[in-house]
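Visitor: Single-letter residue listing:
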Amino acid sequence: GAGVSQSPSNKVTEKGKDVELRCDPISGHTALYWYRQRLGQGLEFLIYFQGNSAPDKSGLPSDRFSAERTGESVSTLTIQRTQQEDSAVYLCASSFVRGSNEQFFGPGTRLTVL
Amino acid sequence: AQSVTQLGSHVSVSEGALVLLRCNYSSSVPPYLFWYVQYPNQGLQLLLKYTSAATLVKGINGFEAEFKKSETSFHLTKPSAHMSDAAEYFCAVSDESSASKIIFGSGTRLSIRP
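Residue numbers (my numbering), protein chains in the order written: chain A, 1 to 114; chain B, 115 to 228.
Isolated chain A (complex conformation) (with noise of 0.2 Å):
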């Protein structure tokens, strides 16, 4: 497709429950990021891919959060044993990593967990 695409657009979930968080970024980026915005707040780093290199995860909360990417393709973020305190919009963006580095988003992931 010609821009980022995530999906589910919604996911309600219990408390405890594991989920899966999925992105497919622009054909050809090389770089992968994904963010968590909470209700009326900012951008929260979580990680970063780029090629075969090893994944930038300083951003990741609690070991309860796992992301991978296959390739320079499509990537999945994993959160096991859901919390309340997880709710929140996940996004997903990609970019070429050279030049100005502009990362292209994708209309991301509400989560509510109950």
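The hints are simulated quantities; they were obtained by calculation from the structure and are not laboratory data. Any given hint could be a false lead.
Derived coverage of chain B by chain A (criterion: at least 3 residues anywhere in the stretch with Cβ under 8 Å from a Cβ of chain A; other residues may be distant) [as the list claims (entries may be wrong)]:
(1) 145-157
(2) 215-228
Now the in silico label distances, taken between C-beta atoms and shown as ranges [said to hold, decoys possible]:
(3) K57/A <-> E129/B: 43 to 53 Å
(4) S73/A <-> Y153/B: 21 to 31 Å
(5) S225/B <-> S9/A: 38 to 48 Å
(6) P193/B <-> G16/A: 48 to 58 Å
(7) N10/A <-> S198/B: 21 to 31 Å
(8) E20/A <-> R227/B: 37 to 47 Å
(9) P8/A <-> S117/B: 27 to 37 Å
A virtual CB, placed ideally from N, CA and C, is assigned to each residue, including glycine.
Here the structure of chain A is known, so what remains is to put chain B in place on it, guided by the hints.
Guide: Below, chain B alone, put in the same frame as chain A:
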């Protein structure tokens, strides 16, 4: 280390009035600077970017921003606000040395009064 400060978490202007959203950055090397806009329930969209060409950058929807190195600022302006400009605006910085992360400000919510 890079950082971005957006002064004012909420700005309210009347329709037709000047819009001014403030952004100051810190970077040890010449930066790339961005403004992103987030409309309600949507992902982030690039408004404009500075990449060391002209210091006055024109973006979409009549917005522009001026890079002022002496003031380490990249304020966003629009001469005449429109109701459709109501959104969250994020300033961001990256540079060639980081080549990966973009650091986002905490955001400024712009409200337009009729």
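Visitor: Look at each hint and say if it fits the structure.
Guide: Cross-check of the supplied hints:
1. 145-157: holds (count 5)
2. 215-228: holds (count 6)
3. K57/A <-> E129/B: 43 to 53 Å: This hint holds: roughly 45 Å between Cβ atoms.
4. S73/A <-> Y153/B: 21 to 31 Å: holds, 28 Å
5. S225/B <-> S9/A: 38 to 48 Å: 26 Å Cβ-Cβ, so the 38 to 48 Å window is violated.
6. P193/B <-> G16/A: 48 to 58 Å: holds, 52 Å
7. N10/A <-> S198/B: 21 to 31 Å: For N10/A and S198/B the Cβ distance comes to about 25 Å; the hint holds.
8. E20/A <-> R227/B: 37 to 47 Å: The hint (37 to 47 Å, Cβ to Cβ) holds, given that E20/A and R227/B are roughly 43 Å apart.
9. P8/A <-> S117/B: 27 to 37 Å: Since P8/A and S117/B have Cβ atoms about 34 Å apart, the given range 27 to 37 Å holds.
The structure fails to meet hint 5 from the earlier list, while all remaining hints are met.
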